[in-house]
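Novice: Spelled out, the chains give:
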Amino acid sequence: MFKNLVLCSITLILAFCSIVYELLLGQALSAFLGNTVLRYSVTVGLYLLSMGIGSYFAEGRFIRYSALTLLWIELFLALVGGSSIVALHLVHAAELGDLSIFLFGHMLIILIGVLTGFEIPLLMDLWRRKNQREGFTILGVNYFGAFLGTIAFALVFYPTTGLVGTAFLIALLNAVAGMFLVLFGRDFRKAKRKRFAFAAIFQPLVAVIFTACIMYSRPIEAYLQQLYVSVGGA
Amino acid sequence: MPAIYFVTFVLAGCSILYELLIAQTLAVLAGNTVIWYSLTIGLYLGSMGFGALIFDRSKDRTATWERLFQIELMLSVLGAMAPMLLHFGRTVTAFGVLHGDAMLVMLSFFPATLFSIISVGILSGVELPLLMRAASERLPEDNPANRVLAADYLGSLAGGLLFPLLLVPSLNEFSIGFVVSAVNLLAALVIFFWKLRRVSSWPFRSVLVAGIALCLLAGLVGSSRIEQYFLRRYYYFQSYPDSLGEMLTGMENFPYVDRRMSAYQKIDFVDLGKSDVSDYLVDAYSKKYKRDKQYPKGKALFINGDPQLFSSFDEVYHEYFAHVPIIHHRMVPEKVLVLGAGDGLLVKELVKYGSVKSITLVDIDPVMIDMAMSHPILSKMNGGSLKDPRVNVVIGDAYQFVKNGEEEFDAIYLDFPNASDYNIARLYSREFYSFVRRRLSKGGYAVMNANGIDELTPPDEYGTQRPLPSNEWPTYWSTIKAAGFENVKPYFSNLEPHNPFAYSIVENLKLVQLPSTATFEERALAISRFVSYHIYTLQYGFIMMYNGPRDPQGALEDPKIRLDVLNSVRYQLAFRLYLPEPDEVDPDRVNTIMRPSILGGPLFSIRMPFMTAH
Chain U
1 MFKNLVLCSI TLILAFCSIV YELLLGQALS AFLGNTVLRY SVTVGLYLLS MGIGSYFAEG
61 RFIRYSALTL LWIELFLALV GGSSIVALHL VHAAELGDLS IFLFGHMLII LIGVLTGFEI
121 PLLMDLWRRK NQREGFTILG VNYFGAFLGT IAFALVFYPT TGLVGTAFLI ALLNAVAGMF
181 LVLFGRDFRK AKRKRFAFAA IFQPLVAVIF TACIMYSRPI EAYLQQLYVS VGGA
Chain G
1 MPAIYFVTFV LAGCSILYEL LIAQTLAVLA GNTVIWYSLT IGLYLGSMGF GALIFDRSKD
61 RTATWERLFQ IELMLSVLGA MAPMLLHFGR TVTAFGVLHG DAMLVMLSFF PATLFSIISV
121 GILSGVELPL LMRAASERLP EDNPANRVLA ADYLGSLAGG LLFPLLLVPS LNEFSIGFVV
181 SAVNLLAALV IFFWKLRRVS SWPFRSVLVA GIALCLLAGL VGSSRIEQYF LRRYYYFQSY
241 PDSLGEMLTG MENFPYVDRR MSAYQKIDFV DLGKSDVSDY LVDAYSKKYK RDKQYPKGKA
301 LFINGDPQLF SSFDEVYHEY FAHVPIIHHR MVPEKVLVLG AGDGLLVKEL VKYGSVKSIT
361 LVDIDPVMID MAMSHPILSK MNGGSLKDPR VNVVIGDAYQ FVKNGEEEFD AIYLDFPNAS
421 DYNIARLYSR EFYSFVRRRL SKGGYAVMNA NGIDELTPPD EYGTQRPLPS NEWPTYWSTI
481 KAAGFENVKP YFSNLEPHNP FAYSIVENLK LVQLPSTATF EERALAISRF VSYHIYTLQY
541 GFIMMYNGPR DPQGALEDPK IRLDVLNSVR YQLAFRLYLP EPDEVDPDRV NTIMRPSILG
601 GPLFSIRMPF MTAH
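Line by line, the protein sequences are chains U and G. Counting along the first sequence from 1, when you hit position 107 you're at 107 in the numbering used here, and nothing is skipped either side. Counting along the second sequence from 1, when you hit position 551 you're at 551 in the numbering used here, and nothing is skipped either side.
Everything labelled a hint here was simulated from the structure, so no lab data went into it. Bear in mind the structure is a predicted one, so any value in this text is a computation, not a measurement. All residues carry an ideal CB built from backbone N, CA and C; glycine is no exception. Take these hints with a grain of salt, some might be off.
[Stated by the list, open to error] Distance windows between CB atoms, simulated: (1) G:G396 - U:Y216: 33 to 39 Å; (2) G:R260 - U:L103: 33 to 39 Å; (3) G:L171 - U:R128: 28 to 34 Å; (4) U:L155 - G:K290: 49 to 55 Å; (5) U:L96 - G:K293: 58 to 64 Å; (6) G:G396 - U:L155: 26 to 32 Å.
Model the full structure from these sequences, guided by the hints.
Specialist: See below:
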């Protein structure tokens, strides 16, 4: 029962984080490239599509080591999502033209989408092993997390912590949630445990990095803003 | 590729289309576009999750196709009804507001909305596991659940792209609902012929499907009439009958509402007749109708249901906007950039100057520009200003235009809609103003229409007004200062309350009802209050931003242009209202694209055509 609850919470938080990353990227891209309506539709659509691609490929050998694969995915998601806004600003500052921002931004959207889509069958698999059910509960909780994410982004995160601060905050949340996957490590054969422990060290490390980023988010934001304004046009 | 994947693809597209349709309708009816879109998409995903959850809990594992058929029928009916349900809820809300009935307001629009979003969401949430199960019944060895999921996501992408790019610019919301609903009905029909032909209750089902199909067809044919009905209900809501029961009567007696659609906005031309008191009073302040008897009267332009332009007193706004900065800076700019203002009325004021050499107008909406050039009423109002050889029209995003260019201008005019959502808030951001500053030549100025600094108390007996707590002046000031401008100077389109013509109009038309025993002083006071309240509704706020001395010196040669409202007295009045400048820039108030701080309008309010008119 306790593990079910933990699994549901992890699913909820992961879905929450993913959709917030995507909305952050959509908002940043519309600031860089304009045409907000199109940008939003493309972002949400691409996100869903790449989620579909991710879940399509999450079969076979990955399913056998669900918790391990998940751990790596979480690590990667936190790193990519947390640094996405800063990276986008740096690409903008490199003055390689709008096309580079377009490609880089959409690459990030697809990457985050594919990773998120990859998670769902793995989480469903963990659930199936525990409960001998089809795992649609995970699907449901996943949607619910996305629901909370969209609302929190529009009403809370964007107007208060802003794009930069939110990216760091969500990455921290992502890394912390990922740590709880360690609870499911017992499912593995002995030989896999070492690899599992190796991956588990990185999660706290990422969490510490993003905590530091959150503490300095205002200066970072001010610096990026200066960079953004100094580059455009002339 | 088995057909089940294709069916999933189409059905997922239908579901997301319903939700986007509801979000779009909601955003038009209630404002706050980004927030309502997010809330709708979020609630949709949430209730889909709930649907999947209750499906996982249910023990019943029989009759997959049977249940799919039922769900398609329900979705079809619900989706077709949703836009009408929302509009009807809004109508009842407006009735409640007009009659001060708080219960009606609370219990009509938002419950109808939530019901539509959540029911479509739950049905789609049950639909997806059913499709997965149907697929695994057909192809048990392939583990097709993930592929169904992939088809579902792909369908959502297709729907999400189809909606803004193709459906919104070409069809009204009611016909979009009917068309998508027809696709769902078709899916039900396919399931029926494919799987359920031999079920005993087939005659009843055929009649049911045929009935729904007939209703959809009728709706599709009459969709423009439905739209016209609800548009008239919206714009002429003050003429509602006294009881709720009479609300379903037709609206044929009211003038036609001329609606144009584009990818960005819905533009309505409304004939209000000469009904508002301000329309009578404006004759006392403006020479417009004396000079030009043919000028349109009582016409109004609305964008997404928000008032933009009232033909009876449009010159108050545009003359103060265009000419006050020119007089203040003692110079007529040679190169002018106008951002927004696709209606051409601001450009009409600027082309009056012979020494203006070029005007570049940037507007995002080609439909608006087209209307300004060719609409019979609008082109009469702007005098064909956009066809002036000095005017260069650019169709594009104003933000990108100032960001990605180097050409400098002597004056930049910013005329944007109210910053009621994040899309538009970036046109009021520190970054945007920084780019504007870079595009100004030395000694040049930028001036903006500043919605929200006109949040002032009504004038008291001495004509004094104070800022309300909701006044956005500190936000604008901090943002513009942070963008590097040295001077931020507000002004208002103030008219003088002590105007003898206005008094005589009020007297002659008996606009103020007083008992016959009233003394001369009482009458004078009542009339002066009446007049000052009504010119208060014509008070718009503007902000000039520029570098160099705060009050530029120099001699402005009389440009010999004809003005209908502005004169030397009113020019002085424009600066009469004092708004205190904060001591330093407040970083939490600075509106940036990374962290917006401007968001006008309460969240849970319904748009009314005139209550936001000020």
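Novice: Each hint: holds or not?
Specialist: Structure-based check of each hint:
no., hint, result
1, G:G396 - U:Y216: 33 to 39 Å, "holds, 37 Å"
2, G:R260 - U:L103: 33 to 39 Å, "holds, 36 Å"
3, G:L171 - U:R128: 28 to 34 Å, "violated, 44 Å"
4, U:L155 - G:K290: 49 to 55 Å, "holds, 51 Å"
5, U:L96 - G:K293: 58 to 64 Å, "holds, 60 Å"
6, G:G396 - U:L155: 26 to 32 Å, "holds, 31 Å"
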